[in-house]
Amino acid sequence: MTERAQLASQVPDSEKERLFNEVKADLRFGDYLYGCYECGICVAVCPSARFYDFSPRRIAQAVAREDVELVWEQMNGEVWECSQCFSCLLCPRGNNPGGIITIMREVAVKNGLHSAQQALEGYTRIIYKIMSTGTQVSPDMIRPEAFPDWGPTAKETADNLEVWRRAMPPDTMHTTSASWEVDDKTLTELYLIWHLSGVLDMIKALDESLHMILVDVMEEKLEEAGYPLS
Amino acid sequence: MAIPINLPVVQPGTQARKGNFARRPEDAPENLRERTLELGAKGEWVVHRVPEPCVEVPTRSNGIKRVPLQHTWHHKSCGQCGHIPGYSTSIFWLHRKLGLEYNDPRDQTSCTAWNYYASATSNQAAQAAVAMRNFAAAYETGYFPQIHCATSYGHYKEVRAEMVHHKELREQVRGILAKMGKPLVMPEEIVHYSEWVYAVRHEIAKRKVLDLSQITVTVHPACHYYKLVQEDAIYDPDVYGGQRTAVVTAVAQALGATVGDYSTWFDCCGFGFRHILVQRDFSRSFAVQRKIEAMRDEVNPDVTLTHDTGCVTTLDKSQFAAQAHQGVKAAIPVLSEAQFAALGMGAHPYRVCQLHWHAADYRPLLEKMGIDWRERWREFEDDVERLKANPGSFLTWEDADGEWAVPAAHPDHVKHGGR
Ligand code: SF4
Ligand code: SF4
Numbered sequence: 012m013t014e015r016a017q018l019a020s021q022v023p024d025s026e027k028e029r030l031f032n033e034v035k036a037d038l039r040f041g042d043y044l045y046g047c048y049e050c051g052i053c054v055a056v057c058p059s060a061r062f063y064d065f066s067p068r069r070i071a072q073a074v075a076r077e078d079v080e081l082v083w084e085q086m087n088g089e090v091w092e093c094s095q096c097f098s099c100l101l102c103p104r105g106n107n108p109g110g111i112i113t114i115m116r117e118v119a120v121k122n123g124l125h126s127a128q129q130a131l132e133g134y135t136r137i138i139y140k141i142m143s144t145g146t147q148v149s150p151d152m153i154r155p156e157a158f159p160d161w162g163p164t165a166k167e168t169a170d171n172l173e174v175w176r177r178a179m180p181p182d183t184m185h186t187t188s189a190s191w192e193v194d195d196k197t198l199t200e201l202y203l204i205w206h207l208s209g210v211l212d213m214i215k216a217l218d219e220s221l222h223m224i225l226v227d228v229m230e231e232k233l234e235e236a237g238y239p240l241s
Numbered sequence: 002m003a004i005p006i007n008l009p010v011v012q013p014g015t016q017a018r019k020g021n022f023a024r025r026p027e028d029a030p031e032n033l034r035e036r037t038l039e040l041g042a043k044g045e046w047v048v049h050r051v052p053e054p055c056v057e058v059p060t061r062s063n064g065i066k067r068v069p070l071q072h073t074w075h076h077k078s079c080g081q082c083g084h085i086p087g088y089s090t091s092i093f094w095l096h097r098k099l100g101l102e103y104n105d106p107r108d109q110t111s112c113t114a115w116n117y118y119a120s121a122t123s124n125q126a127a128q129a130a131v132a133m134r135n136f137a138a139a140y141e142t143g144y145f146p147q148i149h150c151a152t153s154y155g156h157y158k159e160v161r162a163e164m165v166h167h168k169e170l171r172e173q174v175r176g177i178l179a180k181m182g183k184p185l186v187m188p189e190e191i192v193h194y195s196e197w198v199y200a201v202r203h204e205i206a207k208r209k210v211l212d213l214s215q216i217t218v219t220v221h222p223a224c225h226y227y228k229l230v231q232e233d234a235i236y237d238p239d240v241y242g243g244q245r246t247a248v249v250t251a252v253a254q255a256l257g258a259t260v261g262d263y264s265t266w267f268d269c270c271g272f273g274f275r276h277i278l279v280q281r282d283f284s285r286s287f288a289v290q291r292k293i294e295a296m297r298d299e300v301n302p303d304v305t306l307t308h309d310t311g312c313v314t315t316l317d318k319s320q321f322a323a324q325a326h327q328g329v330k331a332a333i334p335v336l337s338e339a340q341f342a343a344l345g346m347g348a349h350p351y352r353v354c355q356l357h358w359h360a361a362d363y364r365p366l367l368e369k370m371g372i373d374w375r376e377r378w379r380e381f382e383d384d385v386e387r388l389k390a391n392p393g394s395f396l397t398w399e400d401a402d403g404e405w406a407v408p409a410a411h412p413d414h415v416k417h418g419g420r
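Quick mapping for you: the protein sequence lines, in order, are chains V and E.
Heads up: the first sequence runs through residues 12 to 241, numbered per the numbering used here.
Heads up: the second sequence runs through residues 2 to 420, numbered per the numbering used here.
Where hints are given, some of them may not hold.
What the hints assert, rightly or not - Taking lysine to aspartate or glutamate pairs in the DMTMM-like style, the calculated list, with each CA pair at most 25 Å apart, reads:
1. E/K180 / V/D212
2. V/K35 / E/E172
3. V/K215 / V/D42
4. E/K180 / V/E231
5. E/K183 / V/D195
6. V/K166 / E/D362
7. E/K168 / V/E235
8. E/K183 / V/E230
9. E/K389 / V/D182
Said to hold, decoys possible - Quick list of the computed label-pair ranges, beta carbon to beta carbon:
10. V/D78 / E/E299: 37 to 43 Å
11. V/E132 / E/D402: 44 to 50 Å
12. V/E235 / E/R375: 50 to 56 Å
13. E/T265 / V/S220: 41 to 47 Å
14. V/G46 / E/R24: 20 to 26 Å
15. V/Q128 / E/K207: 51 to 57 Å
16. V/P163 / E/E169: 48 to 54 Å
17. V/E132 / E/W398: 41 to 47 Å
Since the hints were derived computationally from the structure, they do not count as laboratory data.
Think of the CB as a built atom: it goes at the ideal place given N, C-alpha and C, for glycine as much as any other residue.
Work out the full structure: start from the sequences and follow the hints.
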């Protein structure tokens, strides 16, 4: 029995049903799936299908057939292989298989599924960066040890970072820890969005320590700005 | 009209016009611009109108999109500013050289969609609220959003469609924005910078200082530009017979370069959002095997041009490791069309286009374009030495074009502590 099959056997059907219903309850679900011809056009254009045992058709088909067991399995594995390129929007049925996958991933994160935690291992520093600075890949993340396959440019960039950032004309870009200078007020508004839309709760389900660090960063600013947190 | 096999050449002065394959009106896809205006008329949101002067460009659904020439609010890209800074700088430089004014705001966050497509650690309401906060911030300045990243552009078009279709989402986002004292604002058009470059391509061509007729390019159209919410992407009947998006290709052709076609043009670059950061074996393999090798074998271009953060990143950074494998042919320089256009107009390859941040060897391209990269690099190294000797100083727009002068410390920069 594979590890996943073993895990599947331990999860009650009612739990799998609950997760499936969460996927279906998403506001976008009705715009993303209209059944499935099972034609495989989405597979033909899918980059991830070329390199992994992955198929957007299998996912659209499983969700359209309401195969709760298979959807649960997919949510615990292959959804993370999708490149989110949306080539599969060529679907003649008008489906958005990549969009269905986004929703399935979201449900996996929100429910703290172990598979989501595994898929995002090594990724949390990026979540921290985007949520706390409002920009994603900042110049100081270009480290040779993080990007050895980028060749000598990663090292040269890291070695010269501070002065190279000053050696470009746009004022907003003379930064190293964020992609551009984001105003404090702007950041506080972003933090408010994370609080009010339930994103921080998702982070808590995914990674408690990341959640604590983020709350630490955000709370003071939000309170200073007079936004009540409860 | 049959779909042409060879690439048709865009004639200078081509006007926007309808394609030759018209749909019956009853089959026409939903027009989200019209729906945006209708909701504006009903008081559901403020519509940020496109400022004049604007250029009307043709869209996939035989419609017209209004692209503002100036008075634009530059929604920067975190990846471009973060590790391909010559991309953003070139976009700004082109505006300055064409005398078109713009606003480069600090009251802007990333769209956060790179993270969203990578990790799903967000949700529909949060993503919409981030978009609408940025739109409201632009509206407050009076400047109209021009979006640098194709993922931001595609994602914002998804947000627009969802906001148009779901009243409950509008209410939720309206509530969040009200807490920060911002109204709900939707731009009349969602405009990508590459649409602006397309719109001004003949103006750029007029100011060209280099002969690019010996340069062959391949074009990688960015998935999130034309695959997500597809109808208002630019399709021009004179470029690929209107069967493929015209941005980038039309610009290269207007500049006099030859555009070579290759069989895997529709494939994505392999970015993968999560993959490019933590599972790069996939990104590298896909980029090299499906894109770079196909371009090399079928066209052998001097450069490949694209119009998105993720695509420049993946295609450029993936080639180094592949070169280590015997028999893998690689090293096609990768630029945005904004950088290519800027070089053609005489921009400094390092001060403006910041090519030292690129991984694939671009020097043979510069040589073929007639640019003395050694001399330009020497100038840049002098800049760097002087900046080192003057902490708190930075390169200005005047420095980027003219003779070097020791820059004075910038008070704002000192205030921000050189972050
Ligand atoms: S999702 Fe669409 S493209 Fe894929 S198999 Fe089903 S009908 Fe065909
Ligand atoms: S979005 Fe995902 S499923 Fe769709 S084509 Fe891209 S990689 Fe494949």
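Hint-by-hint comparison with the structure:
1. E/K180 / V/D212: holds (19 Å)
2. V/K35 / E/E172: Holds - the C-alpha atoms of E/E172 and V/K35 are around 21 Å apart, at most 25 Å.
3. V/K215 / V/D42: violated (29 Å)
4. E/K180 / V/E231: Cα-Cα ~17 Å, so holds.
5. E/K183 / V/D195: holds (16 Å)
6. V/K166 / E/D362: holds (16 Å)
7. E/K168 / V/E235: violated (33 Å)
8. E/K183 / V/E230: holds (21 Å)
9. E/K389 / V/D182: holds (17 Å)
10. V/D78 / E/E299: 37 to 43 Å: For E/E299 against V/D78, whose Cβ atoms are near 41 Å apart, the range 37 to 43 Å holds.
11. V/E132 / E/D402: 44 to 50 Å: Distance hint for V/E132, E/D402 holds at roughly 47 Å.
12. V/E235 / E/R375: 50 to 56 Å: holds (52 Å)
13. E/T265 / V/S220: 41 to 47 Å: Holds, at about 42 Å.
14. V/G46 / E/R24: 20 to 26 Å: holds (24 Å)
15. V/Q128 / E/K207: 51 to 57 Å: At roughly 56 Å between Cβ atoms, E/K207 and V/Q128 fall inside 51 to 57 Å, so the hint holds.
16. V/P163 / E/E169: 48 to 54 Å: Holds: the Cβ-Cβ distance is about 52 Å, inside 48 to 54 Å.
17. V/E132 / E/W398: 41 to 47 Å: holds (43 Å)
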